[in-house]
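4 protein chains.
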Amino acid sequence: MCGIVGVYSDENVAKDVYYSLFSLQHRGQESCGIATLNGRINHHKGMGLVTDVFKEEQLKTLSGNIGIGHVRYSTAGGSHPSNSQPLVGMCRGGKIAIAHNGNLVNSDVLKERLEDDGLIFQTSIDSEVILYLLARYYKGDDIVDAVKRTMSLIKGAYSLAIMTEKELVAVRDPNGFRPLRIGKRGNDYIVASEDSAIDVIGAEIVRDVEPGEIVLIKDGKMESFFYETDYARRSCCIFEHVYFARNDATIDGINAYKFRVETGELLARESFVDADVVVPVPDSGWAGAIGYSKESGIPFMEGLVKNRYVGRTFIKPTQKEREVGVKLKLNPLKEVIKGKRVILVDDSIVRGTTSKQLIESIRKAGAKEVHLRITSPPVKYSCYFGIDTPRRSKLIASSNPVDKICEIIGADSLRFISIDGMRSATHGKLSFCSACFDGDYPIDPMVESI
Amino acid sequence: MCGIVGVYSDENVAKDVYYSLFSLQHRGQESCGIATLNGRINHHKGMGLVTDVFKEEQLKTLSGNIGIGHVRYSTAGGSHPSNSQPLVGMCRGGKIAIAHNGNLVNSDVLKERLEDDGLIFQTSIDSEVILYLLARYYKGDDIVDAVKRTMSLIKGAYSLAIMTEKELVAVRDPNGFRPLRIGKRGNDYIVASEDSAIDVIGAEIVRDVEPGEIVLIKDGKMESFFYETDYARRSCCIFEHVYFARNDATIDGINAYKFRVETGELLARESFVDADVVVPVPDSGWAGAIGYSKESGIPFMEGLVKNRYVGRTFIKPTQKEREVGVKLKLNPLKEVIKGKRVILVDDSIVRGTTSKQLIESIRKAGAKEVHLRITSPPVKYSCYFGIDTPRRSKLIASSNPVDKICEIIGADSLRFISIDGMRSATHGKLSFCSACFDGDYPIDPMVESI
Amino acid sequence: MCGIVGVYSDENVAKDVYYSLFSLQHRGQESCGIATLNGRINHHKGMGLVTDVFKEEQLKTLSGNIGIGHVRYSTAGGSHPSNSQPLVGMCRGGKIAIAHNGNLVNSDVLKERLEDDGLIFQTSIDSEVILYLLARYYKGDDIVDAVKRTMSLIKGAYSLAIMTEKELVAVRDPNGFRPLRIGKRGNDYIVASEDSAIDVIGAEIVRDVEPGEIVLIKDGKMESFFYETDYARRSCCIFEHVYFARNDATIDGINAYKFRVETGELLARESFVDADVVVPVPDSGWAGAIGYSKESGIPFMEGLVKNRYVGRTFIKPTQKEREVGVKLKLNPLKEVIKGKRVILVDDSIVRGTTSKQLIESIRKAGAKEVHLRITSPPVKYSCYFGIDTPRRSKLIASSNPVDKICEIIGADSLRFISIDGMRSATHGKLSFCSACFDGDYPIDPMVESI
Amino acid sequence: MCGIVGVYSDENVAKDVYYSLFSLQHRGQESCGIATLNGRINHHKGMGLVTDVFKEEQLKTLSGNIGIGHVRYSTAGGSHPSNSQPLVGMCRGGKIAIAHNGNLVNSDVLKERLEDDGLIFQTSIDSEVILYLLARYYKGDDIVDAVKRTMSLIKGAYSLAIMTEKELVAVRDPNGFRPLRIGKRGNDYIVASEDSAIDVIGAEIVRDVEPGEIVLIKDGKMESFFYETDYARRSCCIFEHVYFARNDATIDGINAYKFRVETGELLARESFVDADVVVPVPDSGWAGAIGYSKESGIPFMEGLVKNRYVGRTFIKPTQKEREVGVKLKLNPLKEVIKGKRVILVDDSIVRGTTSKQLIESIRKAGAKEVHLRITSPPVKYSCYFGIDTPRRSKLIASSNPVDKICEIIGADSLRFISIDGMRSATHGKLSFCSACFDGDYPIDPMVESI
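Residue numbers (my numbering), protein chains in the order written: chain G, 188 to 637; chain Y, 188 to 637; chain X, 188 to 637; chain H, 188 to 637.
FYI, nobody ran anything at the bench for these hints, they're computed from the structure. You can take every hint at face value.
No distinction is drawn between identical chains; accordingly, a pair holds when it is met within one copy or between any pair of copies.
Pairs of lysine to any residue residues, derived as SDA-like cross-links and limited to a Cα-Cα distance of at most 25 angstroms, are as follows:
{"hint": "1", "residue 1": "Lys525", "residue 2": "Glu482"}
{"hint": "2", "residue 1": "Lys516", "residue 2": "Thr500"}
{"hint": "3", "residue 1": "Lys445", "residue 2": "Ile485"}
{"hint": "4", "residue 1": "Lys516", "residue 2": "Asp239"}
{"hint": "5", "residue 1": "Lys503", "residue 2": "Gln245"}
{"hint": "6", "residue 1": "Lys567", "residue 2": "Asp627"}
{"hint": "7", "residue 1": "Lys247", "residue 2": "Gly373"}
{"hint": "8", "residue 1": "Lys335", "residue 2": "Glu352"}
{"hint": "9", "residue 1": "Lys298", "residue 2": "Ser269"}
{"hint": "10", "residue 1": "Lys507", "residue 2": "Asp375"}
{"hint": "11", "residue 1": "Lys616", "residue 2": "Asp439"}
{"hint": "12", "residue 1": "Lys527", "residue 2": "Asp439"}
{"hint": "13", "residue 1": "Lys591", "residue 2": "Thr576"}
{"hint": "14", "residue 1": "Lys282", "residue 2": "Met234"}
{"hint": "15", "residue 1": "Lys521", "residue 2": "Val460"}
{"hint": "16", "residue 1": "Lys371", "residue 2": "Lys408"}
{"hint": "17", "residue 1": "Lys445", "residue 2": "Ser618"}
{"hint": "18", "residue 1": "Lys298", "residue 2": "Tyr324"}
{"hint": "19", "residue 1": "Lys493", "residue 2": "Tyr430"}
{"hint": "20", "residue 1": "Lys282", "residue 2": "Ser269"}
{"hint": "21", "residue 1": "Lys543", "residue 2": "Phe501"}
{"hint": "22", "residue 1": "Lys481", "residue 2": "Val464"}
{"hint": "23", "residue 1": "Lys616", "residue 2": "Glu452"}
{"hint": "24", "residue 1": "Lys493", "residue 2": "Thr238"}
{"hint": "25", "residue 1": "Lys503", "residue 2": "Arg372"}
{"hint": "26", "residue 1": "Lys408", "residue 2": "Asp332"}
{"hint": "27", "residue 1": "Lys591", "residue 2": "Arg528"}
Isolated chain G, as found in the complex (with noise of 0.2 angstroms):
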């Protein structure tokens, strides 16, 4: 996953994309990077978090009034500096830089058609395949045109904010798979995965670009286009709603925080236990715990105290210091827990190993009972569109039933929403991406062909 990010303004727009990434900071650690226009095209980019790469003698270099920035959390491509974004390159039209949030299914069919032309890739990341289609048919005039013949070839989820040496363009894919949000304030624009990155500069929320939509910002307007397309389907995904977007992102209509929340209160009314206390795992299953409490009318209580420096690199522990690892992150609250039937509220289960060890924790602390219930129907499938899952072997319920989970894992109970239940957490509102759980992958992962 990753976050993007592009300004237009009168004034310099290094430090208003510096505040936005670092309040997308979430949607990727691993490097990020600024790209801004002064008559040229000049960017920084580097390992590591915002704070670590830019400081105020890199923000000084980036001086203009239109800039994109990306945060990247590795997905397809390795841990590697010349996979960090945004991409800038120099072509017959000028300089174009791009910030790519997704992932597309046939940029391998992509690089090596465009290999037999000759072509020369230097990253691993598919974000290339997308700059060398634009610069292959932007010639310096009409980079609407440019962007809608990429469209046409590439297949997958992608949100773009792009920059040439006029104008600053944001592309969402038909799909509609990774949000993308315009704000605007006083006369400057920006567009931002989230509405984070939006309210933090003190811009005002207008809207979701559409899927397939692309917005032009040039010469102090924004102009709208779209790609037409009868093949894709709205499919938005589902996962931001339920993990990774911030508890203030709005997508397609639905608040995160209030689906958390909503799929926690669905969660007790589908499969409700009794018990002393609703214990949320922090900070995944803290909106969900709100509402299985409130729905159940259960005592919420915090149970599982987090370590807010965890996130920094420590010195691992040995694997005969396993238990030290878990409680160097979440370490269990005897006081709340010990003699009491706990319910614990998480947003999902991947691979079910920090389940296990949570559960195994806090009956070590004293727990009579230990019910899992999550705010997510259990992962079956492996996501070809940006959320990095591993692959479906490593999906502890690609291969187990949910009693077969609970026993691995050493719960009392274990129950997951359902999908219709959680669809009704959307009113209508949003036709999701549901691959992950039921494998119906709104676009074929295995293009054979262009």
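Fit chains Y, X and H to the given chain G structure using the hints.
Just chains Y, X and H, lined up with the frame of chain G:
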């Protein structure tokens, strides 16, 4: 405030101390250090977080089966590398290392006296006075006697982990201002400021070090001694429970999380107001808001989203961008707040500036009313015992009555819990220091003589 | 200027490349990089010195028995991480990595043409043009053919180390501007810019790569090919001998140290002046001063002491402290200079500012006379083939006759060696490029078409 | 060995101290520090080079018009941040800061005594003893008296820069082991270990601080005092002239460079050998080789090329790559050496390992004969006064006669200068300590009592 830890084992302890310090990181981020005993005492210290100061290679140089550690939050003495702890010194009785949490009130007088004897101070922290007094009385044989003589001279708050070339000693001042807990793991002993540091390395909590107690761990055994005094009354710092300690800390019989939830409940009983939603200031107001919601029946909702990466050093917004500064940390969740009557819950008000900015921000996000509820009484007096409160003149409650504060910060209503209310949350187990609320200092901070 | 190296072995080569680059560090300090082949090509690059960019952990990730390396001294293209080499790209024929020393004169024309074909440039260095042309012609089979086709298009100075997924290739342009040497160690081959890089890993010098030669090292064997051309005349860059190469470099039959001493001798013959002491400008004038002293019989003495730590980034003196700036680097040795008639020897004058400051400084230290002797002719024309000379207008000799320069820099007398004198130090072995002295460019730098 | 500096001015001195330390960097690379007086004394210290430890921001915090500085080369006391200087302490008389070059021989005895009085040592350097004694005797009024009393107790080598809250004091021990020079710039005073530190900031050399002299700089005036003693004989460390000081240092009337050239000449007279070329070991043998060549008439040529970047931390070659290790630093210049009878000149032999490796390397490069000539006598005894010689058993000359050493290192012949020869190069101006050559220690290093 600071955090301290001491470990006595049969094996190398550096890694245990490291993990324990990591679990106490919230108690101090300015500097940290570890000293270990392996025939001779070695130590490593540095400015910054535990994860930055210690890497595998530093830990490797710290062999030995007794160790102490310290995380420092600048209180007395400025921010300077030489002020980091443990302090290690070579004296007649061999090397001594100490880690100190707390603040002396008579260190200036003692320093003067020692300087008159020709001593020299290389740091600006009062902990150095303790080291010098210990050195003066310790001749290599009876450390407990040296500690007692030292205790007869120093006044104020001090929890200490002391290491000689033979033993580990833990000390808590006769008032018991600062917490100090004992744990056991097999034959190993650990003393630490909070339970989390004991839990993390797989040890079991044994009990608190008692006010005035000197715990000697030597030759695999633990012995207890007491410094007899009649002047000292038990006066545990209640701010540990209000704010400072982690939720999983139990100090003198009261668990911090339970205390926090209960003060929220009591506050709701004391000063109910009708509203649509109870919103915590993250993370300090979480527990209180849960209690307030439970007692009042008004639903709990997260209405402010905290950026997980705050704490990193970022480029400061200019004065003009002041709003950015607030939103980088806490962004109002409009979908929760808009059109609502909001009860905002926090643990305390010190200067009042953050509260003012937050209320402004929440109103801008569309709140109809904002009622602020604080789970501790107004802070009117400075602390001289280790909490880093500003001088009186900067404390908004030192010169303003509650209704005036309410006006300044722009709330529709403002209520603090009463001291009696807060006291009832201690269930008679805790005789605490309430000086910051009522000026009743357990020790006169204006000491003239020893 | 840059330094390149390529190693072909039966064992891991990363460390060999590392040591070789360290021995070429004087050829470029801006950035460096290594690429190795282990089934696939991996690489690591960074800004700064070899010792800063590469630590054990980086070398560990670079397994493989073929490798190339590069140290960069910013010439064409600015100082930016993306300009570091080796450049690595994925093309139809697999991955290619190149390390380039030199400068093309027709890269702008070629870039335009390639951009018209839809290609995109991600760096601002002309080496990327070479990579793209190789990619265009290389289909995974015949790299020598691809190199020849590329050579038919590019004009200028280039010594190249190229690595495909099968082989190592070394190329030197038909003019032979930049050096490239071949070494052998058992069954291993090494190509490098200078002897020091070959010596350091215990290999024996074999010979130069010839102008226009393509050396293919594959399947344990070395083969030689030539790109036939009639336009190119041998024109080795004489500045390698004058200044750039290390004393232990032998290029096209002439050893740099011996050349330097000999030009000093010839200069003494051409322009003797009576004086008390011959003083070198450290380190560039050392060898010349030894020669001058020997031939003239005037004793050699160090009269300027160089700070060994210059090269480190230090806080710049203010304008007012200008004198500090000079003395930080070179401090006059008063005991040698006071009351003496000094012959100061240096290898070249470019802008003349350093000479002026030095002479001032030497006079202040009490010299009676200062005669400056330069072991190369006046530099009047810019270099387009890789030496980082400033544009003509900044060259003091481009617009001033020798006596005027002498006046500007404040010397009592100033003499340069004649071109013929310098030529005689090559003993007829070297047909060198003298464009910087006489403007006779072996290739017209104002290329209009390909 | 270490370098010290003290500056007294009307303006801020931090930058002066910084540049001076940079010019003394060769005297110590382990750590460095600066303390300045601006009403109160502030300081900053760190491990590493001056240019790494001090950036603009550090210098900004160090305002004040008196300052002292220190560069440390680990001698007594290990490599630990706490051992960096200046040492700063708060005593009865106010803050004191000291920078110390040299080594005490009775620090252990003094430490014990002070510890018996209840003092505590926080570092492992003997300089702390000096600080403690000063603190004991200084009551805020008469620093000269405090210095004298301190001098009556400490034995050994010490040049000191001392700063109180009022004045700057420079002290040189009665033997005058370590150098200390005085300079003047307008109304400003500077004291420093070597001339380079005085020259660099544009000050003029005034004279040496005399053995036993105490220089007080206060209220814009300089006063001189002497500590009277009858036991001490002048015994300047001759190794400053042999190796340690920069060529531009003049100590007690003898310039280091001239001394070095002259010992080369004297050595040629004492032990001429017929050969083709005189080659210096860079950089230590340069001056001696110039002298040897001049006197013998055998031409001087550089035959070993030093890598300018040695000094940087590089990845160590394995045992197998031992040859790499030598060549990384010094590469034989084959064109100079091949087929020649070489006289190799160096300043001293300590362990003999480097000489052995170099001679091997030179033979491999084709030398017909290798004659080693050393411009100091055999080092047979350890130094207790500040030169970091290894213990006697590691000194090759402590247990081997010259012909045996010659055999071990593999030279065709080996000659050292005689002590008398070396003495004649001092022209009767210098009564030096020759203990490392003949064991005649000016102070008995095995002190039993004070």
